[in-house]
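S.K.: Residue-level listing of the chains:
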Amino acid sequence: MVQLSKRISERAVSVWRIHAFIRLAIFFLGYSLISFFLWRFGDLKWLVLLLAVLYLIHFSLSVVFWPRWRWQRWRYDIREKEMEVECGVWTRRRTLIPMSRVQHVDFRQGPLLKKYQLASVVIFTAATVHEIPALDEQEAEQLCHIISTFAKVDDRDV
Amino acid sequence: MFEKKRLHPITIVSSIAKQWRDLLLPLFMAVVLKARDVSMIWNIAVPAVALFYTTLAGFFTWLRFTYQIDDEELRIEHGVFVRQKRSIPFERIQGISLSIGFFQRLAGVVQVRIETAGNELGKAEAVLTAVTKEEAEQIAQHIRRAKEKGDSAEALPLAYRSTHPDDIAFSLRFRDVFLLSATSGGVFGALAAISAFLSQLDDVISYDVLYRDMQGVIRNTLDGALALVVLFLVAYALSVGRHLLRYAFFTVRNQKETIIISRGLFEKQLLTVSKKRVQGIIMKENVIQRLLGCVSVHIIHAGGSLDGGENGSIVLCPFVKKERAVSVIAACFPEYCIPQQFQPLPHRARVRYMLRPVYVLAIPLGAVAYFFRPWGIGLLLLLVVASYLGYKSYQMAGWAISGEQLALRNGMFRIETMYTRKHRIQSMALSATWFQKRKRLRTLSVAVMPRMFFKVTDVDENEAEAVYTWMQ
Numbered sequence: 001m002v003q004l005s006k007r008i009s010e011r012a013v014s015v016w017r018i019h020a021f022i023r024l025a026i027f028f029l030g031y032s033l034i035s036f037f038l039w040r041f042g043d044l045k046w047l048v049l050l051l052a053v054l055y056l057i058h059f060s061l062s063v064v065f066w067p068r069w070r071w072q073r074w075r076y077d078i079r080e081k082e083m084e085v086e087c088g089v090w091t092r093r094r095t096l097i098p099m100s101r102v103q104h105v106d107f108r109q110g111p112l113l114k115k116y117q118l119a120s121v122v123i124f125t126a127a128t129v130h131e132i133p134a135l136d137e138q139e140a141e142q143l144c145h146i147i148s149t150f151a152k153v154d155d156r157d158v
Numbered sequence: 001m002f003e004k005k006r007l008h009p010i011t012i013v014s015s016i017a018k019q020w021r022d023l024l025l026p027l028f029m030a031v032v033l034k035a036r037d038v039s040m041i042w043n044i045a046v047p048a049v050a051l052f053y054t055t056l057a058g059f060f061t062w063l064r065f066t067y068q069i070d071d072e073e074l075r076i077e078h079g080v081f082v083r084q085k086r087s088i089p090f091e092r093i094q095g096i097s098l099s100i101g102f103f104q105r106l107a108g109v110v111q112v113r114i115e116t117a118g119n120e121l122g123k124a125e126a127v128l129t130a131v132t133k134e135e136a137e138q139i140a141q142h143i144r145r146a147k148e149k150g151d152s153a154e155a156l157p158l159a160y161r162s163t164h165p166d167d168i169a170f171s172l173r174f175r176d177v178f179l180l181s182a183t184s185g186g187v188f189g190a191l192a193a194i195s196a197f198l199s200q201l202d203d204v205i206s207y208d209v210l211y212r213d214m215q216g217v218i219r220n221t222l223d224g225a226l227a228l229v230v231l232f233l234v235a236y237a238l239s240v241g242r243h244l245l246r247y248a249f250f251t252v253r254n255q256k257e258t259i260i261i262s263r264g265l266f267e268k269q270l271l272t273v274s275k276k277r278v279q280g281i282i283m284k285e286n287v288i289q290r291l292l293g294c295v296s297v298h299i300i301h302a303g304g305s306l307d308g309g310e311n312g313s314i315v316l317c318p319f320v321k322k323e324r325a326v327s328v329i330a331a332c333f334p335e336y337c338i339p340q341q342f343q344p345l346p347h348r349a350r351v352r353y354m355l356r357p358v359y360v361l362a363i364p365l366g367a368v369a370y371f372f373r374p375w376g377i378g379l380l381l382l383l384v385v386a387s388y389l390g391y392k393s394y395q396m397a398g399w400a401i402s403g404e405q406l407a408l409r410n411g412m413f414r415i416e417t418m419y420t421r422k423h424r425i426q427s428m429a430l431s432a433t434w435f436q437k438r439k440r441l442r443t444l445s446v447a448v449m450p451r452m453f454f455k456v457t458d459v460d461e462n463e464a465e466a467v468y469t470w471m472q
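Residue numbers (this note's numbering), protein chains in the order written: chain A, 1 to 158; chain B, 1 to 472.
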């Protein structure tokens, strides 16, 4: 199969890194709480060390590497009759959505995305929801418009 | 003509009865089990208050529920404190189901459930608990007229007794009902229900005491086994009873635009399903059914589940010989073709299928085996069984395309085959983990309804891509 042509904005990497950093900061509390109890009440210093190493691996993976890998693998394509989305680092998944099945399209922008002038486009069919995250603001708006003109839901088939 | 109407007053009685049914267990506990240490007044006051409250609630709910049928829509207002109004245009109604329960029969009325298409499934759009048969017919006629006015030629006829007796596509024989309950896993369902009920009683009955008493009763394992057998028989009887009530007089009528399913012993139910709304067909067969060469056939309906079962899935044939199922489907849905060769999975998928159940079981079984040495080691034999089951499910899995139709089959204990047509598929996805990619395998999944995904794991890469391009 041919590789899909369009990619999402590279600024997505920064946004995802910030998200991951916040998540990992919360995780840090959990890790340190467990470490504290292990240190204080059990003589399990090696376990604490192991936890610290695990945390570092977790941190570097999800903050440093994962967002970049994720961005590298994110691709999509919009055509008149159908749209395709491909993503996933460990599990690569390519999804085909016929335009005639699209029911409506959402434009979504959280505070962080807004700061980076990015936005997500969410596509709804009668059965599924698909999100193209972190597109350039203008591009997202344009995409919403394109999809809604292509998508003429054939009401006979739901 | 368009006046606001109330439901038949029998609604009050039926709603009180329903609330009492829900209250029975807590009340029973509050009164009988606490009787020893609380005064007599408590025993009278609690049920009295409950009765008073439910009567009041039932009455006011009935009083505040009005419906109105006009030319274009059905308007419903309800809510005792917070008023809610809802109007449902007739042309948007996808399915209608009538049922006659105990109370409805007493008053000579019917219950009408109405479904519309929408993303939120599983919830009936509107339920009119008790209306006269004439009104139910009138609603059905309005729906038909609204559909005809729109260009879609989707008619929704409603019939209590069909005028042509020869349109019966399928009817369940009485002895099949017994076979059905024996094979559908309902026994285990009933067992689960009983154990759930027992665990509910946890707070009331102190199991420690009970256990000590039981030790006296069940002195040896023979008694224990006997108790198990009795429990099993009770569960079986319950399951047969439930299936009898649910599936007795099960009849499917095949009309031009619709399928009409009627069933039920005491509570009669009549479903009218528009053929245009059928997204696909599922055939299920569990281990015992497979031995008997039987299947159950379900239709995936884009208007929610009218028969109160799983979301969006309606039973077409609860228990039927496979050949018969094929002819029933051919009669009702001529665009589907059932007997066909399935494309098997490639040989390199076999190892993955055989190992997958082993991965899941290895750690817990290993741990148990370790703790119960040396006899626990025998448990590891289960891994062999699991891997054999995995091999079986490898043999069963497959896919098939014929013309516009896609069929996917998978399962371990229960084989499920889903048939759908190209223009019913909402989205199709190919995915591959790193391991799958190395072996040039893909997972093919298809969505036809919300929360209804069907997938086949480990399809050959090229074949999966062929299916994907078929969809394009």
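Because the hints were derived from the structure by calculation, they are not lab data.
A few of these clues could be false.
When the alpha-carbon atoms are kept at most 30 Å apart in a straight line, the in silico DSBU-like pairs for lysine-lysine are as follows [claimed, not checked]:
#, chain 1, residue 1, chain 2, residue 2
1, B, K392, A, K6
2, B, K422, B, K392
3, B, K321, B, K422
4, A, K6, B, K321
5, B, K322, A, K81
6, B, K392, A, K81
Covered by chain B, according to a simulated footprint, are these stretches of chain A (three or more residues, beta-carbon under 8 Å) [claimed, not checked]:
#, region
7, 78-91
8, 126-134
Negatives, chain B to chain A, calculated, CB over 10 Å [stated by the list, open to error]:
#, residue
9, P47
10, G241
11, L245
12, M449
Everything numeric in this text was worked out from a predicted model, so none of it was measured.
No residue lacks a Cβ here, since even glycine has one placed at the ideal position from N, Cα and C.
S.K.: All hints, please: hold or fail.
M.R.: To see whether the hints hold, each was checked on the structure:
1. K392/B x K6/A: With Cα atoms ~42 Å apart, K392/B and K6/A exceed 30 Å; violated.
2. K422/B x K392/B: Within the cut-off at roughly 29 Å; holds.
3. K321/B x K422/B: Answer holds: K321/B to K422/B is near 28 Å, not above 30 Å.
4. K6/A x K321/B: 51 Å, violated
5. K322/B x K81/A: 38 Å, violated
6. K392/B x K81/A: Violated. K392/B to K81/A sits at ~39 Å, over the 30 Å cutoff.
7. 78-91: holds (count 5)
8. 126-134: Result for this restraint: holds, n = 4.
9. P47: 48 Å, holds
10. G241: Its Cβ never comes within 10 Å of chain A, the nearest being 36 Å, so this holds.
11. L245: Its Cβ never comes within 10 Å of chain A, the nearest being 32 Å, so this holds.
12. M449: 5 Å, violated
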